[in-house]
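Visitor: Here's the letter readout for the chains.
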Amino acid sequence: MDDFDRHVDDIYNILEGKVDKETIAKELRNWIVNFKVPIIEAKRSIVSKLGGDPSKLTNNEKKVEDLGPNDARVDIKLKVITINSKEYELDGIKRKMYYGIVGDETGTIPFTAWKLDVELRKGDCVEVKNAYTREWQGKVQLVFGNNTKLSLLPPNSVNVKTTIKPAKIVELHPKMGFVEVMGKILEANPKEVMVDGVPRKVYEGIIGDDTGEIPFSAWDVEVNKGDVLRISGAYVRTFRGMPQLVFDPRASIEKRDEDIEVHEIPVTLESLEGKGGFNVLVEGVIIDVKKGSGLIYRCPECGRVLTSTICPVHGKVTPKPDLRIKAVLDDGTGGMICIFNREQTEKILGIDVNKAISIVQENFGNMMVIREMIEDKLIAVPMRLRGNVISKEKYGLTMLVKDFEFINLEDIAKNAENLLEELGW
Amino acid sequence: MREPAWRVFAAEYNSSKYYIKATEPKTPSYVITPLGAKISRLFIVGVLTEVRLITDEIVKARIADQTGAFYLLAGKFNPDSRQLLETVKVPQFVAVVGKVNVYNPKEDLMYVSVVPERVKVVNEILRDYWVFDTARRLKIRIDAMNEALKMDEPTADKLVSLGFSQKLSEGIIIALQKYQRINVERYMDMLKDALKHLLPEYKAMGYELPTVEEEEVAEESSENEDLILKLIDELDQDGKGASYEDLLEKSGLDEEKLDEILLSLQEKGEIYEPYLGKFKKI
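Those protein sequence lines, which keep their order, are chains C and F.
For the first sequence, this note's numbering begins at 67 and goes up steadily by one.
For the second sequence, this note's numbering begins at 23 and goes up steadily by one.
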């Protein structure tokens, strides 16, 4: 269909068939050829003259590649590539927002939805009316707001042109779209899962490269521990508050005949903000020891920390003594609460729970004594920690410490010399 | 998210001329250094060289590193830090976690200080680690600034795409807008100097911090002290004290000399500094 016919169709559709196409075509030709009126103006005038609503002519239908940073009105047909949800609180009410990646035949784009008219799932095709775009961290993002209307389209009515971005594992983020990573399978466990009543096989495990590790799930693809794979067309989603790499046979997966080193450099806390991390290594200085660190008493039934012998759920109990540390590690790029369990706290303090109890007794029941001992040991001290990091809007980053070590301070002169050499002094 | 505790040397921090004030309660204010550190909180390890009680409630202290000194102001909201500062003997290695504070007597003039959240006595090894840690972070800022200066139209995005962090990239762009000339060379020298002090051969040369030097120069400047005392009296019109910039202008002395005299007078108990940058006779 050439452009002229398309314009005739536009007018015909707005007039809802009240005027036949031949009449419209004649009219339009007259305006354009004889009166040399610009096409948009001509269409408006004809619709108006023939009794239609010219505002319906405005066509905001766009393709992903057309989207700029501040488009106020976007109508678009999309396919959902990934979708994640996140809970947040506004005015004391719990709400849910969604984010992920959508795409069409011209490309992919991250989206955020403050509400959804229809339930969207990965793979759905959807017609979107009245969305808008904004810039977030330097990237254009599509936003479904309060005035956005969504309606589902038939399956596979939208094709997606995928752009695949090569990435190191440390960089992986749910807003990235499709990625290509090369890594070594460090752990892989097969599992049968029912999806929509159909059993499917999934391998779950951990993949690592020279920058870090990430959990993965591989659908209908067999992966084995020790494999070195180049996976092109995987994507990242948030799973249990942490990023996870997902791929299936639609990705191109190449088994490499080489071994790669999975060497870990500590990640910055800034890079974990908003996404958390699985089994990450961080390095920084302890700058605070929080209330609730030291000797605490818990309900023997539920583990709640108690301040008396009454548990709010289990009533009168005999509280069990425990040791823990809630400290703040800061690496100059961000801060994180890190929680050390009893065993780790005992190791740091060099005393066990019973000794802690007797120290408190010697100090006339002052529990602060133990916290002060912890502060003395840890504040201003550089540490290297490993564990899972959860990122929450309100509290920021929290790590349940799996392993810890004090940074060796004997190498400072050597490190200084190396850095000076690098600077060519 | 928690504001990071930046590691910067005193000279970079004290060169800051730009401040972003919090517009809402409970949001942070920031000092922007010439190298784009956007600081709300700092972590410092250095040598406590001086502690003075300004009033019953305010303690002022100096913490020196190899490049200069941080000014600490502990008030009634920092009782623990104040108590520690009042009781500890100088010189002493201390670690401080603190928030930025500025005194802004007039446009184009700003003094920065640090309000401590926590102060702890530490040892020399932790100080050395801080110097190394701070040096390698300074190097990243120098690299980022050099890259930005090379660009025709520097943006945070371009810096991020080169691998610099979002926070630093944003800070670099603000610094470029706010500072006329950024002397990156000066910071490169500072970086090398700081690292050299960590090498065994330099340590063996008996490098220590400048508490002694200050006493030596006190004598020769005694005649200037009378001049400054007189000026403080004259310039203290509103009872709040004479401002530093007025003293600088009227005395005709250079900054270094004036600082020296003001410090000496404060040590002798002749004057005090009720507000940062304001001086009054006792």
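Don't take each hint at face value.
What the hints assert, rightly or not - No farther apart than 25 Å at their CA atoms in a straight line, the calculated lysine to aspartate or glutamate pairs in the DMTMM-like style are these:
1) F:K180 <-> C:E339
2) C:K460 <-> F:E46
3) C:K443 <-> C:E488
4) C:K480 <-> F:E79
5) C:K392 <-> C:D477
6) F:K48 <-> C:E459
7) F:K48 <-> F:E108
8) C:K341 <-> C:D442
9) F:K218 <-> F:E146
10) F:K111 <-> C:D442
11) C:K205 <-> F:E175
12) F:K43 <-> C:E336
13) F:K279 <-> F:E72
14) C:K357 <-> F:E139
15) C:K231 <-> C:E171
16) F:K161 <-> C:E201
17) C:K231 <-> C:D157
18) F:K180 <-> C:E201
19) F:K48 <-> C:D157
20) C:K234 <-> F:E169
21) F:K43 <-> C:E441
22) C:K291 <-> C:E476
23) F:K214 <-> C:D477
24) F:K180 <-> C:D442
25) F:K111 <-> C:D354
26) C:K341 <-> F:E175
27) C:K341 <-> C:E441
28) C:K392 <-> F:E25
29) F:K161 <-> C:E441
30) F:K48 <-> C:E476
31) C:K357 <-> F:E175
32) C:K480 <-> F:D102
33) F:K302 <-> F:E79
34) F:K218 <-> C:E488
35) F:K161 <-> C:E336
36) F:K121 <-> C:D157
37) C:K480 <-> F:E139
38) C:K341 <-> F:E282
If you are wondering where the hints come from, they were derived from the structure by calculation, not from laboratory data.
Note that the coordinates shown come from a computational prediction; the quantities given were computed from them, not determined experimentally.
Visitor: Hint by hint, work out which the structure violates, then give me just those numbers in ascending order.
Guide: Hints 3, 4, 5, 7, 8, 16, 17, 21, 22, 24, 26, 27, 29, 30, 31, 32, 36, 37 and 38 contradicted; others consistent.
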